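2 protein chains.
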Amino acid sequence: MLVFIVSGGEKEAGSFAELLAEYSDENDKPYVIGVDAGALWLVRHQFPCDLAVGDFDTIGEAGVALLEAQGIPLLRAEAEKAETDTEMALDWALLNGARSIVIEGGIGSRFDHSLSNVSLIYRCLRHGVPCVLQNPWNRVRLIGPGKTRLKTRWPYVSLIPFSEVVRGITLDGFYYPLREEDLSWGYGRGVSNEPLRSDVSITVQSGYLLVIESRDPKSRDPEHGDPVHQDP
Amino acid sequence: MLVFIVSGGEKEAGSFAELLAEYSDENDKPYVIGVDAGALWLVRHQFPCDLAVGDFDTIGEAGVALLEAQGIPLLRAEAEKAETDTEMALDWALLNGARSIVIEGGIGSRFDHSLSNVSLIYRCLRHGVPCVLQNPWNRVRLIGPGKTRLKTRWPYVSLIPFSEVVRGITLDGFYYPLREEDLSWGYGRGVSNEPLRSDVSITVQSGYLLVIESRDPKSRDPEHGDPVHQDP
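Quick note, the sequences are listed as chains P and D, same order. Residue numbers for the first sequence follow the UniProt record's numbering, so the first one is 1 and each next one is one higher. Residue numbers for the second sequence follow the UniProt record's numbering, so the first one is 1 and each next one is one higher.
By construction, these hints were calculated from the structure, which means they are not laboratory data. You may find that some hints are simply not true.
Simulated DEER-style distance windows between Cβ atoms [unchecked claim]:
{"#": "1", "chain 1": "D", "residue 1": "G146", "chain 2": "P", "residue 2": "S206", "range": "48 to 54 Å"}
{"#": "2", "chain 1": "D", "residue 1": "E22", "chain 2": "P", "residue 2": "R99", "range": "32 to 38 Å"}
{"#": "3", "chain 1": "P", "residue 1": "A17", "chain 2": "D", "residue 2": "K29", "range": "50 to 56 Å"}
{"#": "4", "chain 1": "P", "residue 1": "D199", "chain 2": "D", "residue 2": "A21", "range": "48 to 54 Å"}
{"#": "5", "chain 1": "P", "residue 1": "P145", "chain 2": "D", "residue 2": "A21", "range": "46 to 52 Å"}
{"#": "6", "chain 1": "P", "residue 1": "G60", "chain 2": "D", "residue 2": "S24", "range": "24 to 30 Å"}
{"#": "7", "chain 1": "D", "residue 1": "Y175", "chain 2": "P", "residue 2": "R197", "range": "20 to 26 Å"}
{"#": "8", "chain 1": "P", "residue 1": "E12", "chain 2": "D", "residue 2": "H127", "range": "38 to 44 Å"}
{"#": "9", "chain 1": "P", "residue 1": "A21", "chain 2": "D", "residue 2": "Q205", "range": "38 to 44 Å"}
{"#": "10", "chain 1": "D", "residue 1": "E181", "chain 2": "P", "residue 2": "L95", "range": "22 to 28 Å"}
Note that the structure is predicted; figures quoted are calculated from it, not measured. Beta carbons: idealized from backbone N, C-alpha and C, even for Gly.
Start from the sequences, fold in the hints, and give me the full structure.
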């Protein structure tokens with residue numbers, strides 16, 4: 001079962017529709033969990049929502065009533081709980097046989113939540129369940145030792161060490177080559193590499209490596225924010 | 001010497017002006033480095049800019065000419081370099097005697113850049129130079145073993161393990177208490193704690209812990225993004 005977890009961070013209806021279609025085609029129909037405001041977002045954009053999870057402090061009782069009126073099952077938590085709402089959804093997915101997880105809207109303005117979601121990817125990896133964390137400008141994976149093949153259409157692929165030292169990294173199909181080299185905390189050497197084709201690979205000898213496909217927001221004012229590039 | 005590194009990510013002129021005034025008062029005048037588009041942002045908002053650093057691919061030759069016309073010294077790099085522009089500025093700061101560093105606009109839409117900047121904080125910590133990474137909604141620090149006192153006016157303080165396991169964490173002055181407990185990768189337990197007063201402390205026995213002061217963007221539509229709270 002492929003599980004989409006739709007959280008409260010940044011997302012775009014258009015790209016989510018594409019993603020849903022892409023995965024619905026390859027696999028069976030994905031199971032979609034809306035997290036607090038994410039559930040309302042799904043309903044308002046007429047996407048399926050198979051389960052709504054969270055303390056619902058963001059959408060309040062009016063939002064909860066709206067979800068119930070749609071017949072969406074609710075998994076409701078106390079506001080004062082040890083885990084985040086997204087983590088609750090992830091727990092549910094792992095306990096109910098998810099074989100692959102996409103956290104849509106898992107990156108947003110609250111950097112602590114975004115970082116906590118990166119940490120959740122690690123839990124999935126330890127459970128042997130591939131997990132992708134994304135928003136419209138970034139798609140984050142975590143890889144361990146071995147060779148990982150990646151199909152990508154994004155202009156940048158950044159490699160950031162999750163472990164203190166990631167050893168023996170070899171890249172195939174990237175503009176900036178690496179051959180059995182190490183990346184460590186404290187240095188930005190792996191940032192903004194560029195895939196030369198849609199099918200690339202990354203081999204790691206030891207350690208955990210974050211692989212981030214990214215693009216610059218097109219509408220961003222270059223004086224105010226990130227550089228503006230064209231997404232090839 | 002306190003060094004401000006102003007990068008291309010999210011920032012607000014008002015809060016930067018306050019920050020500059022706050023630090024200029026406590027210490028001597030800070031040294032301000034503009035990174036690529038960050039330098040132009042400083043000039044356009046009539047802030048001081050003592051040095052401009054980067055490959056300047058974002059602001060282009062017109063932007064560079066504008067900086068030169070203002071008499072700002074430039075440290076210019078090749079576009080194809082191993083380090084990021086912000087890292088270049090940090091290298092300069094560490095080599096030139098910075099005793100404290102603030103990276104303003106170090107968090108933005110490009111999540112790979114934001115994460116790479118988190119990694120730079122680790123380098124500063126290893127050099128014994130305190131470093132803060134921030135944008136208008138988040139302020140990120142990294143702490144190691146020992147007791148860290150923190151003055152904060154932010155509604156949330158999240159604790160996220162940077163090391164795989166951070167052992168023996170004890171909090172003083174927080175709503176959700178911790179007493180000689182561990183936080184590990186994969187779990188969100190330390191997220192969205194709330195300081196009970198402006199003066200709190202965090203004690204760590206071993207490992208590195210990210211401390212993130214954060215607030216929700218006030219103007220954010222709760223259906224679209226993060227929850228909306230009032231900043232107390």
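Going through the hints against the structure:
The hinted range of 48 to 54 Å is not satisfied by G146 (chain D) and S206 (chain P), whose Cβ atoms lie roughly 30 Å apart. Between E22 (chain D) and R99 (chain P) the C-beta distance comes to about 51 Å, which lies outside the given range of 32 to 38 Å. Roughly 52 Å separates the CB atoms of A17 (chain P) and K29 (chain D), a value that falls within the hinted 50 to 56 Å. Roughly 53 Å separates the CB atoms of D199 (chain P) and A21 (chain D), a value that falls within the hinted 48 to 54 Å.
Between P145 (chain P) and A21 (chain D) the CB atoms are about 50 Å apart, so this pair conforms to the stated range of 46 to 52 Å. Taking 24 to 30 Å as the suggested C-beta distance range, the pair G60 (chain P) and S24 (chain D) does not conform, at roughly 43 Å. As the Cβ distance of Y175 (chain D) to R197 (chain P) is approximately 51 Å, the hint placing it in 20 to 26 Å is violated. The hinted range of 38 to 44 Å is satisfied by E12 (chain P) and H127 (chain D), whose Cβ atoms lie roughly 40 Å apart.
Checked against the hint of 38 to 44 Å, the C-beta distance between A21 (chain P) and Q205 (chain D) comes to roughly 50 Å, which is inconsistent with it. Our hint of 22 to 28 Å for E181 (chain D) and L95 (chain P) holds, since their Cβ atoms are close to 24 Å apart.
The structure shown violates the earlier hints numbered 1, 2, 6, 7 and 9.
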